[in-house]
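Sequences listed follow chains S and Z, in order. Residues 8 to 564 in this note's numbering are what the first sequence spells out, letter by letter. Residues 8 to 564 in this note's numbering are what the second sequence spells out, letter by letter.
Everything labelled a hint here was simulated from the structure, so no lab data went into it. Computed from a prediction, not measured in an experiment: that's the story for all the values here. Worth double-checking, as some hints may not be accurate.
What the hints assert, rightly or not - Footprint (simulated), chain Z over chain S, 3 or more residues, beta carbon under 8 angstroms:
id, stretch
1, 339-353
2, 550-559
Said to hold, decoys possible - Under the rule of at most 25 angstroms between Cα atoms (straight-line distance), these lysine-lysine pairs were calculated in the BS3-like manner:
id, chain 1, residue 1, chain 2, residue 2
3, S, K375, Z, K559
4, S, K553, Z, K559
5, Z, K561, S, K527
6, Z, K375, S, K556
7, Z, K559, S, K561
8, S, K162, S, K527
Ideal placement from N, C-alpha and C gives every residue a C-beta, glycine not left out.
Number of protein chains: 2
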Amino acid sequence: MAKKYAVGVDFGTESARAVLVDLADGGEIAESVFQYPDGVIDEALPGSGVRLEPDWALQNPADYVESVGRTVSAVLQSSGISPDDVIGLGIDFTACTMLPTRTDGTPLCYLDEYRENPHAWVKLWKHHAAQPEADRINAMAEERGEPWLSRYGGKISSEWFFAKALQILDEAPEIYAAADRLIEAADWTIWQLTGVETRNSCTAGYKAIWSKQDGFPSPSFFGALDERMRDVVATKMTENILPLGTRAGGLTAKMAAATGLREGTAVAVANVDAHVSVPAATVVETGRMVMIMGTSTCHMVLGEAPEIVPGMCGVVEDGIIPGLAGFEAGQSCVGDHFAWFVENCVPATYEREAEAQDIGIHELLEEKAAALTPGESGLLALDWWNGNRSVLVDVDLTGLLIGATLATRPEEIYRALIEATAYGTRVIIEAFENNGVPVNELVAAGGLPERNELLMQIYADVTGREIKVVGTTQAGAVGSAMHGAVAAGAAVGGYDNIADAAAAMAHLKDRVYVPNTDHKQVYDQLYAEYLLLHDYFGRGENDVMKRLKRIKTKVRQ
Amino acid sequence: MAKKYAVGVDFGTESARAVLVDLADGGEIAESVFQYPDGVIDEALPGSGVRLEPDWALQNPADYVESVGRTVSAVLQSSGISPDDVIGLGIDFTACTMLPTRTDGTPLCYLDEYRENPHAWVKLWKHHAAQPEADRINAMAEERGEPWLSRYGGKISSEWFFAKALQILDEAPEIYAAADRLIEAADWTIWQLTGVETRNSCTAGYKAIWSKQDGFPSPSFFGALDERMRDVVATKMTENILPLGTRAGGLTAKMAAATGLREGTAVAVANVDAHVSVPAATVVETGRMVMIMGTSTCHMVLGEAPEIVPGMCGVVEDGIIPGLAGFEAGQSCVGDHFAWFVENCVPATYEREAEAQDIGIHELLEEKAAALTPGESGLLALDWWNGNRSVLVDVDLTGLLIGATLATRPEEIYRALIEATAYGTRVIIEAFENNGVPVNELVAAGGLPERNELLMQIYADVTGREIKVVGTTQAGAVGSAMHGAVAAGAAVGGYDNIADAAAAMAHLKDRVYVPNTDHKQVYDQLYAEYLLLHDYFGRGENDVMKRLKRIKTKVRQ
């Protein structure tokens, strides 16, 4: 039998990227990136020029379909692989990124009648204008004692599905009424590829409050929020949620023509970018946490059962790997933290020093920070420059630095910020372990681990755990291709399940970061201090951070 | 009668400065500066090259005598004033700056026998090698319940007289034994000018634990510290302490020749640089606090009686103005704080912006910080980058910044640091007021008020008090000249007391900083938060700062 391949398409915020992958060993044969023509729509609607309010972020669904055609045909062409040997297609997406459509899947923004209404377009994950609706959902859930609230750390994000749906109802009831379907862009894109409407367990579970046991929140909950929303699930969604790797359908003739793939090629149900990276990082079992480290960090780990872990972002059965509970937690400020520091706090003398050495400023800082011993700066920080996602779930917390003296140097602060994010990860790990979800090993993915050896070593030293790094820089697309291979099945040269696919196709780098025992011992002491401050400022003993924010809001009015 | 004049000589850390002053109106007629040839001796002894340990800081007493000759002759010459019309001379000095001498005043470091022993030289105020001795003095005083400890905020500094004396005894008993006299360099210099050994109430009170009521600590205290030190006061000092403005004696023939002044010119007893600035800032009565603002800030206020104010640096009857109790408090990190920030935390982009505008970086920061409204940054800092002198008297406290977000800008941090020092001053003011020492108005002197309008306005807004600024930039030398005029007396064209001298000679600038009520109201809220953190971290509830310092010390070993 000839070598077989699958294609994964990773839909990011600004562009989509296809990777053609060898199913035998995960080899990345070809790659293609396409920038969305309309990109992130945050100022005015395309065509009409209708202005958007602050905090809005939309997209044009046509860009997704065009992306598939452009990138998949490009990888086929540049690789020279025959479409006969490409047996599966998988995609992963940002989430929650959602839109209203007709029964046949036509987005409302394609219709002349609604084109000039911003609510008819795709609401991108980072559309942040639904905070009032999220607040109402949280208050109502708490009032009614909804059992699902604890699965999400006690708080639903304004980025999630029902906050966005409720915003449509609040602000554009005519759009809400005209929407036969409210659907994740991920699932909508699969619909366009296969002609079949499906919903995947990952976005349903992490973004739309679905669980395998209890389904979606009840009509009575939605009715209490707004009577017009009572039957939102029954009338505008579906309760048929499919596990990851399921074959959604075969590629339509139209999309086969656009991509160059064969009609009927197996297409997997959609997935989320972070979650699809887990099997691509070789993780298909319990006990190994994947950290996707970029501007923020997403922590994912698998467990036998959906335990309640206080302060996590969510737990979803089948949410990452079928048959296991997928846990997600997060830190909202990691790479962003270091970028802020470099932009705002590095003196001109350092810039000149970096120039003289012909290296970047990040590199110079890493060099200087790496020369320091744990504890020698006397500094400690709380990594809350962008609030705290896990385990405190509080956007109103802010950053803190303690221990500064007149001898404090920039690289000491830089290292303290890195250490603070490592302590934050340790808090998350301990929350999991204390609630029956073991975390024995860490696997890092994303942009940061590639570039920052010091960061990785500090994380190993602080957490006392070995850290491995995922072998590919395209974990999303490779993970999607793996799911495409599972959708195709072993009979045609794919795989019967994601564990088999991961065993063959997923790889780690050789370099392993092993905890330094001496460093660990000092970090244990510093971590105890971190925890003390974490609880003092984060659990209500001194709400100074919130009061400062209130004063700030008031004087800015 | 011809116009009369006096000369004041201000002995700083690196140089001495003489100012010739018109007694009628305080007009500064001529000025001369002389750099000490040996400067601060902190690496090796002059001549022998004997190496010094870290934290040592010595001076050569010969430099003081040479300074008087050089600078006083220079002001006489450049002004063209007849020495007949110069009726008084006063000096002020850094303190505690002390040395061992023979009975006739000969410094031990002048003698071949002792020249190569560092302990034979002048220990400068910032000689910091006597910390173990200060610790012993404090522990013993606490153990014995010495009543004087509370006059100094519960702690004696390692910079002070008996810590330095005990270090000599510990490390060089032969020098201690050979020292017929242990004396402040200020008093020693007056001895050289007049041939008369005197001791002034200011250095005795603030640096050598003397009080008008109780004298020095008892022989039994010194004996408990070290039997050899039991009679230190009786044998190596004097209990005859003279109030400020007292005539120490007349200028000797030798010093008259060196300076060009008339033999017998009235010379006042010595004074301390900060304290002598108080009458030069027009303050000779209760209720008005003088802040000498430079790298650190020294707060001085007068009271009717020597109340115990927790956390102040000292209270001395006749210590500043005869007949009143002089209170001193301090903040150890003010100008140093802003300098640290500029050196370590201002990005290259700001440097380029300042260059483009052709202004300094401090000026650019002030411009940007001044555009902010109180409270709008959401930031709050504890100004403890160099520990806390008043009211916590704790060198192991460190700096804290809270409220940072990804939107935090450098000028917001800069302003937060300025505000933090203002809150620190408010804590000191309230400590005085809560203990029977009213503070109705502030008068600022020193380098910072000259250059920083924003700083002055923030201090007015935070403290809710009007701030005036001293009229001269040479408050030390002018204050010394005023004391010289008092030593001469009204009969010869001087003054009978310092109040009369101040009424004629001391001036304030026209500009008055008046509190902005709106700002004050926001700062009251922020100050409440500052106090909460101040007490939490500073009064033992969470000693994280000390623990971080201990870890730092340990890992650096």
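Check each numbered hint against the structure and report the violated ones by number, ascending.
4, 7 and 8
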